[in-house]
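So the protein lines, in turn, are chains A and B. Under the numbering used here, the residue at position 233 of the first sequence is numbered 233, and the numbers go up by one with no gaps. Under the numbering used here, the residue at position 44 of the second sequence is numbered 44, and the numbers go up by one with no gaps.
Calculated from the structure, these hints are not laboratory results. There could be a bad hint or two in this list.
[Said to hold, decoys possible] Some chain A residues close to chain B (C-beta under 8 Å, calculated; not the full set): (1) PHE62; (2) THR119; (3) ARG275.
We put the beta carbon where it would ideally sit given N, CA and C, even for glycine.
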Amino acid sequence: MNRVFWNRWGLILILLLIFPLTILLPRFGIINPYIDLVLKYIGINIILTVSLNLVNGYMGEFSVGHAGFMAIGAYVASLLTVWLFPRAAGPFLFPVALLAGGVAAGIAGLGIAFPSFRTRGDYLAIVTLAFNMIIKSVLENLDAIGGPRGFMGMEKLTTLWWVYIWVIITVFLARNYVFSNFGRGVLSIREDEIASGLVSVNTRQVKVLTFVFSAFLAGIAGGLFAHELQFINPRSFTILKSTDMLVMVYLGGIGSLGGSILGATVFTVVMEGLRTVLQQIGISQEWRLVVAPLMLILLMIFRPYGIMGLREFRFLIPRKERPEALNEFRKQIHASKGGKEALT
Amino acid sequence: MEFYIQQTLNALQVGSVYALIALGYTMVYGILTMINFAHGDIFMVSTYIAFFFSTMLLGALAGLNPILAFVATLLVAMFGTALLAVIIERLAYKPLRTAPRISAVITALGVGLFLENFMVAFKPVGPAPRFLPALIPAINYNIGGVTVSTIQIVIILVSALVMILLDVIVRRTMVGMAMRAISWDKFIVPLMGVPVDRIISLTFALGASIAAVGGTLYGMAYTIDPYMGIRIGWWAFISAVVGGIGNIRGAMIGGFILGFVEIFTPVFLPSTYRDFVAFSLLLVLLIFRPTGILGRPMAQKV
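Just chain A, same shape as in the assembly (with noise of 0.2 Å):
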């Protein structure tokens, strides 16, 4: 059990060992139903805190339309539970229609992605909210889904252990994908649009596969939400929604993963908590809402890197990337003759 074991193994390990923790624990009764929901919460939140991640954090855009994407996941992965695949096999087919919402989603990324060409900034932020209210209206018009009243009648399919799963394959897949070749590209966007294009990074490929994937991410996050309340509409899909996912990303922090795991369990535990707090001390449940606004006004004025700011956890670094593996390589090449030869 020597030290390079637990650096391959170690993170791994833990995760397995984790993972039959979350089919046991709610099974027995060890973690009452309403830590199990919160649990729940924190992991779908950490999902849609990635998934935003991406586009504000790493890429630079700004997306406020996050909600609309959720809302696309979410009604799609319903709709083919509820109407599509008989109830038996639900719980088999869950992932399917789970990814199914997430491809959904992404389509409609597509779709935000283009604008993004000729706009950024604030026009793109425009956009993305133009986005997210266009789909609440088409939402409350289409009747046969039910229309304002919502959609409901999904079993209670998302698990503990399904949004473990989910986390894990997100973080993973959004790890990968920013410490990619192609990842250098999305944050070289974030540091300056046109240098990028100079040397030769294909900007608009770059910004239609980051919204694609980072709709994605959001879709699976619905279809987890809605599999989860069983009850959806409209109007969870709004603009407040997106605010949240915004201040999740900027509590944690921008172009961080361990920065959005921190932030999405930060928030969702301080929201969950001043219930009860309010609760016991009196004060109408009314006030909880005033404090993720105000939250997110002194985190932008005190903190706007957030707490974890282009910083990142040394786990969710890849091993060849990590400090003393890149101070390696560096030896490695001076130690070779010259060293420039090594380099071209």
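Model the placement of chain B on the given structure of chain A, informed by the hints.
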């Protein structure tokens, strides 16, 4: 035919309120290149100031001359809202003037939500819809089959007056010149001895007090509630973008266009499609002509 004249009149009424709010968006954008997403909610607060003041006024001094009461309410609402806007600008936006532009936009979104949720949680206001007391006796005149109410006339006339006044302020006074100068070049203007901070605060105050005029007028015609700032604020914002954000005359034109969209959409489609039509208009416009009707296209400097 009467139907269309009637609807045009209604569209002018709604459109002038949108135009008044759009002016606030466009002025702040012009001077700071920042979208003040909280403006719709500042408008909402202004209607509540008008509501509380006019209820108090009518309670204390029953039988006051209605025109005097109306003017007093208008002035108090304008002053109170301007004060609120300046406080918000000083506390929330000023520290971010050197930060990336996106930070200010996110803060503005936060401020807007804060105002909404605060008004809901704040007991004297609460979520229930309310009516402004009748400041001006509503009399309906019937002219050739078209119904015109006194409230409608007041809304259209007062809005027109305020817009002309603003145009004069911006084009003919020193303050207006300073505003235009700052929006032209933020770096040189302070060197010429223009007090930039004061002019920026003044712009916020001016935009908010115009929104308060819109708010008081709106409150006389419709019910008010803490969440109305979202819808009306967005529609006004679309007006500003349609007209060309940063352009004052554009905002007025945009407001009336959105007024017509709101009134004439239900003629052709179910009325629930109004938001859909308005936001689609915005999306299409942004894709094909991002600078709006009167906006100048700006080249990006590398």
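Legend entry - Numbered hints the structure breaks, given as an ascending list: As far as the earlier hints go, only 3 is violated by this structure.
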